[in-house]
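Colleague: So the sequences go chain by chain: H and W. Going by the numbering used here, the first residue of the first sequence is number 1, and it counts up by one from there. Going by the numbering used here, the first residue of the second sequence is number 1001, and it counts up by one from there.
No wet-lab data here; the hints were simulated from the structure. Treat the hints with care, since some could be wrong.
[To be verified] If the Cβ cut is set under 10 Å, some of the chain W residues that face chain H in the computed set are: (1) His-1024; (2) Cys-1025; (3) Cys-1028; (4) Gly-1030; (5) Val-1047; (6) Val-1092; (7) Ala-1100; (8) Val-1101; (9) Gly-1103; (10) Met-1107; (11) Ser-1115; (12) Phe-1128; (13) Leu-1131.
From the three backbone atoms N, C-alpha and C, an ideal C-beta is built for every residue, glycine too.
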Amino acid sequence: MTGLAFLIPVALLMGLTGLAAFFWSLRNGQFEDLDGAAARILIDDEELPVETKGERG
Amino acid sequence: MASAPPLTQSESIETTTLVVPGMHCASCMGKVERALGALPGVQSARVNLTARQVNVAHDAALGVPDLVGALVAIGFPSQPRVEDLAPPPSAVKPLLAPLAVAGFACMNVMLLSVSIWSGAEGSTRDLFHLLSAAIGIPAILYAGRVFFASAWGALKHGRTNMDVPISIGVILATGLSLYETLNHGAEAWFDGTLMLLLFLLAGRVLDAMMRDRARAGVDALLRQAAPGAMVVAKGAIDWVPARDLLPGMVMRVASGERLAADGEIVSGASRFDRSLLTGESAAVPVAQGDAVHAGMLNMDAPVDVRVTAAGSDTTLAEIARTMEAAGQHRSAYVRIADRASRLYAPAVHTLAALTFVGWMVAGAGAYESLKIAIAVLIITCPCALGLAVPVAQVVAAGALMRRGIMVKDGSAMERMARIDRALLDKTGTLTLGRPTPDPQALDALPAQAAQVALALASHSRHPLSRALVEALGARGVTAAELTQVEEVAGQGVHALWHGGPVALRRPDGATAGTNGSMASALDIEGMPVRLILFADRLRPDANQALGWMRAMGVEPSILSGDAMGAVAEVARATHMTAQGHASPSDKLEAIQRLQGAGHHVLMAGDGLNDGPALAAAHASIAPGTASDVGRQAADFVFLSDSLLAIPRAMATSRATMRVVRQNFVLAIGYNVLAVPMAMAGLVTPLIAAVAMSTSSLIVIGNSLRLAMAAREPKA
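Build out the structure end to end from the sequences listed, making use of the hints.
Modeller: If you want it as structure tokens, here you go:
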């Protein structure tokens, strides 16, 4: 039974972490363009530097 | 502009959103982002593929025309987004957070429930029930808002919908579970309630996703068509959007441009394609003093047109008014899920009430009877029923979308499935709606002449030249090297090739095409002048598509506004009956006549003149090249050149409705088994959880079969 006292909070905490991560991604706009996200992985890496040059500038 | 001082740079950054309807894949995204990123002054360019848009952050000094020009250079026409046509808010996003909360709570409560089902007793069970309540109640309140709000809205107006029995079931089950928990009872239903919310929300998200996706595609097309005109005022030429055009303004209309308002030619002479307005395939010659109408396409030389009517006075607005009246009957259509829920809610509540009364009469206490009645409500909650329609429609719409057919909403497929009669417009629907060169004339061209023709044509924006470029390009012809290229508007393109003059020009009077067909003359020094005839041709595989329609028991016929002769020719080639020379109101009448005879009519058309007919028919489909009116009025829009899209949409819709009906049988079949058990008081939370998830999974599995539905039938 002492195992439960330890395991249940751990399980809940892990679940809540996942939920919090989902809410963060929702606010962060990661669900704005699902089709684009799916296609973006197919763009070749060496072509990218031009496109991202100003993002952190 | 790239050398702007760093201090002022951050102040002069602007964000522009361009709509790029042509983007559809990863390489398009890459090309668009790289082309814009390579411009000096562009800070970042980020594509949103779902909305077919690109957001560009750039120096204010860099104008929108530069951005549009950069995209045109790589083959992507685009338009700045018009603010009043901003995309409507997504229907999916507000549902994602409730879905996530329901999923999280459902999984954790289920974990605790499994221990209870495996035999946890006494204080352990009480602790687990309390924990379930602590997780479950806030989650139910949060995730259930979607249903509570909708049910309350319906009840306030004295109506009922699917959300009313759901809300009542959820609230009663939660109340009962809380009561049991606080009184050390043996059974709590938090797991079942949360699972119910999870499955129902999943169904809603799928439904919303489909609407969002279809709308994004159609919106991109509509926004692209935002019309306008170059207006000449005091020697300067400015672009004015159509809604700001006023009578008296003078528009300069280049060849290949569509008129944005009704008007009168003040200078120049040209030929206009009126097919969008009247369905006529032959271009009509116009000269000074002639009246022209919004939607007509200039085929030849640039002309100046004085606006005589704009906005609500145009022919276009007249057609829009007819359409509004014609479309009312369609908005009265009730979706199959709503029809089911009308029967469902009273049935469920009657059963629960009967159970309560029955057990009271049988001598069980009020508390015991109430408990069993609530179990009936939970077990009958329309879990699988809520998934039955949206899952099937989303899977089928996805399959159609991969084939280039966009579905505007779910009810479109329901209406399409019942079609037994099809009326097709000729120009632009049965035919491609644009001139294509005679293949025999191209076959007869020597290789070198073809190369010269391609090179000459590529220097012109004239519709015939562009058609020639496309046709020769498709044949793998490469362009010859030319020097001193010069285009004379309305006359043709002249250049030097190996030192000798060559030209692609309008034919001389004597050799010009007869009976309205169009032609270009290819003039190469030392070779005879070759005439290339252009005509509007049938779509490829038109006859195959019509055969497929007939095989499905749908009789197609032609309903065109074109002259009888041109219609008869196509009718002979496709073995269809035809009605020619039909005005927009004739088309509307023809559809209403068939509807009056008990037929379910499909209208396929593209023009403004088809608008009222598209709105009045039971279901309608338009090609992506259609006028914006046509695209707006149609339920389906197909982007490919192939006419097979029409029977494919029909066959897929029918398959979808078959699966929806099977899903209903599966979902109701489950209730037939489970309800007697629940009424007998035999259902435990464990049985409820297993039954609910099994029936939902079966319905989802059955719907996934539709992923293959958009294929051609096996020959």
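Colleague: Going through the earlier hints one by one, which of them does the structure break, listed in rising order?
Modeller: none
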